[in-house]
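**Student:** Spelled out, the chains give:
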Amino acid sequence: MIDEELVQLLTPEGELVDHPDYACSLSGDEIFSMYRDMVIVRRLCNESTSLQRQGQLALWAPVEGQEGAQIGAGRALAPMDFTFPSYREHGIAWCRGVPPEQVLRLFRAVSTGGWDPQKYRHHVPTIVLGNQVLNAVGYAMGVQRDGAEEAVLTFFGDGASSQGDVLEAFVWASSFNAPVVFFCQNNQFGISTPSSTQSKVPLFRRARGFGFPGVRVDGNDLLACYEVTKAALENARAGGGPTMIEAYTYRMGAHTTSDDPTRYRVDAEVEVWKHRDPIERTKALLVREYQMKPANFIAVSEEAEAFALKLRDDVLAMGRPDPLSMFDDAYSEPHPMIDEGRREMAALLANGGE
Amino acid sequence: MATTTMTMAKALNAGLRRAMEKDPKVLLMGEDIGKLGGVFRITDGLQKDFGQDRVVDTPLAESAIVGTAVGLAIRGYRCVCEIQFDGFVFPAFDQIVSQVAKLHKRSDGVYNMAMVIRLPFQGGIGAIEHHSESPEALFAHTPGLRVVSCSTPNDAYWMIQQAIESNDPIIFCEPKSRYWEKGEVNLDAPPHGLYDAVVRREGSDVTVVGYGSSVKTMLRAAEAAALEGTSLEVIDVRGVAPIDFPTLVTSLEKTGRLVVVQEAPRTASVGSEIVAELTERCFYSLRAPGVRVAGYHVPYPPARIEEEYRPSVDRVLDAVDQVMGFES
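Order-wise, the sequence lines are chains A and B. Using the numbering used here, you'd call the opening residue of the first sequence number 1 and step up by one each time. Using the numbering used here, you'd call the opening residue of the second sequence number 355 and step up by one each time.
Worth flagging that the hints you see were computed from the coordinates, not collected in a lab. Accuracy of the hints is not assured; some may be wrong.
[What the hints assert, rightly or not] Among the chain A residues that face chain B by a calculated CB cut under 8 Å, a handful are:
#1 Q118
#2 L134
#3 G138
#4 V143
#5 E168
#6 A169
#7 W172
#8 A330
#9 E333
[As the list claims (entries may be wrong)] Think about it this way: if two alpha-carbon atoms lie no more than 25 Å apart in a straight line, the pair counts; the simulated SDA-like pairs of lysine to any residue are:
#10 B:K376 <-> A:G147
#11 B:K402 <-> A:N177
#12 B:K379 <-> A:Q144
#13 B:K376 <-> A:P334
#14 B:K608 <-> A:P336
#15 B:K402 <-> A:Q144
#16 B:K376 <-> A:Q144
#17 B:K379 <-> A:G241
#18 B:K379 <-> A:N177
We put the beta carbon where it would ideally sit given N, CA and C, even for glycine.
This is chain A alone, in the form it adopts within the complex:
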């Protein structure tokens, strides 16, 4: 993973290192606050995996290992920026203020979205690979037309990087100089397919061919992810156009709870990445440089446990939606087939069809 082009500000051992283009601008308190975010998001992830195993969620897409990339990028956002996630950006949803139980509505199969995307300025999850990247560029073209100083941050993975929509989005963002930042989490696998099948060159180098900068950042380095994303967003807001960021990371868990990663990767590889864990290296930094005490970390752990208990309660309290709600918001304006369907189902339900 040692790569001279990889931006790293914090080593896996938790030591600060210099970089010619980026420097850590965060205070110890800010880093600690981001550490807390990572711990809570990991706890959210593990609790959700348990909930799925207990039959309380239809599916879960684990984010473990990618918290550094997501909290780094998510905390670099300005409030008015807009984000377009794929389906694994639980850390971004957290940073945007989406209530965690709303993140789980999709996975509990009580909703096909989950939250109010305008309220949190965080688009609903996109499962069809790469669609959201074009949507993000369109939104950015709207920002441009409004003359607003806002940026758009969109997420996809190494797998989706092969989708036509992602590459079309690169063309459009470049042609129109759209204020968008493409954040690719290269977590090494598209389900079982290694990233080497998606690209024979490092993904970030693709950007240059489309006419905008690409940066590869250590995706398990919270500080580097924060600084690189912050700079790219500022550049976009100032009219500098798009940037692609490749956060080089590793999906510690399965693709989803339906997956069995032991069929396509070896334990030794997972062990190597355990030593690069974003949470542990940030903790080491906080102890070494900022004299954080065990009590500080214990408090975060306790908070995460309480968070998980509440999350579980909130999820278990989510009942089955009213079947008639499927007719709500299918269209904006009145539609005879919606009225007819609603009437038909209401009659069935009234006759004990429920």
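Dock chain B against chain A, hints included.
**Tutor:** Frame of chain A, contents of chain B only:
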């Protein structure tokens, strides 16, 4: 009443212009729509008057035309996307079906996917491969979308404006073989609601239903049938999804006989839906099974033989004979 005579192409152009004057959030996006004015000149002169930010000459990627329109809709813009030809809509099919059709629902009504996707469709212009198709059933089948088709300059002028004002996404099917035919346009008021079916010619023996290019074919057939003493009621469906069934039911209860005309292949088509629905609603009024006059179940043929594929006046009359001959 201010009326003027213009072609359907010009009427669409004038309708787009009026919509853009009325609402600064209306944008046009498409390939070659700016300087060139579009390959059919539907957007002629609009970039000159409204600027490159509102009439956007896009890179050549249909998925991106629609995919970015989604983002612009989230931001509050209303895009009118021009797909250059029917056969080129399929790269955008994913965005249309996966995002455009679903995002109002998936955001619990927070987003409006207000956009119009203009589709020059149907054949009859002697074009080469992929330039003459009728994919409307694919969109009519997709919940979340609406589909309309104009058949006259007056409808073109008003329906494009009504579609742009709608908060739902609309596939706007333009019969390209009728672009250059002239008709009267009333500039004062829309003649009908966007989804209203309209009786173009009253009759008593057979209800003949179609849309787009088929309307003119049906009217010619009605003239020919009248000479032989058969009275056809010609209905322009206009709203392909949803279909204005009450208007069709009223007609069919009068005539008892149904012929549906479309260029699209017959199987699993809009015509199939019309026949099925009207059979359910009008079963006791029917004097004969509904008959579809449609394209065949083959890829659209080379244009030198397309007139044997497209519904002709003769084929419509044969179908009329069939439903008229069903009872003694």
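**Student:** Would you mind confirming whether the straight-line C-alpha gap from K376 of chain B to Q144 of chain A stays at or under 25 Å?
**Tutor:** holds (21 Å)
**Student:** Taking 8 Å as the limit, does the beta-carbon of W172 of chain A come near enough to a beta-carbon in chain B?
**Tutor:** holds (5 Å)
**Student:** K376 of chain B and P334 of chain A were given as a pair; does the straight-line alpha-carbon distance stay at or below 25 Å?
**Tutor:** With a Cα-Cα distance of about 24 Å, the restraint between K376 of chain B and P334 of chain A holds, given a limit of 25 Å.
**Student:** If you draw a straight line from the CA of K402 of chain B to the CA of Q144 of chain A, is it 25 Å or shorter?
**Tutor:** Holds. K402 of chain B to Q144 of chain A sits at ~20 Å (cutoff 25 Å).
**Student:** Holds or violated: K379 of chain B and N177 of chain A, Cα atoms, limit 25 Å.
**Tutor:** Holds, because 20 Å separates the two Cα atoms, which is no more than 25 Å.
**Student:** Should the hint that G138 of chain A touches chain B count as held when the rule is a Cβ pair under 8 Å?
**Tutor:** holds (2 Å)
**Student:** Min Cβ distance, V143 of chain A to chain B: is it shorter than 8 Å?
**Tutor:** Cβ of V143 of chain A sits 7 Å from chain B, so the hint holds.
**Student:** Any CB of chain B closer than 8 Å to the CB of A330 of chain A?
**Tutor:** Cβ of A330 of chain A sits 5 Å from chain B, so the hint holds.
**Student:** Is it true that the CA of K608 of chain B sits at most 25 Å from the CA of P336 of chain A?
**Tutor:** holds (23 Å)
**Student:** So, L134 of chain A near chain B? Judge it on the closest CB pair being under 8 Å.
**Tutor:** Given a least distance of 3 Å, the restraint on L134 of chain A holds.
**Student:** Holds or violated: K402 of chain B and N177 of chain A, Cα atoms, limit 25 Å.
**Tutor:** Holds. K402 of chain B to N177 of chain A sits at ~22 Å (cutoff 25 Å).
**Student:** Taking the least C-beta to C-beta distance, is Q118 of chain A closer than 8 Å to chain B?
**Tutor:** Where the cut-off is 8 Å and the nearest Cβ of chain B is about 5 Å from Q118 of chain A, the hint holds.
Figure legend: structure checked against the earlier numbered hints; every hint is met.
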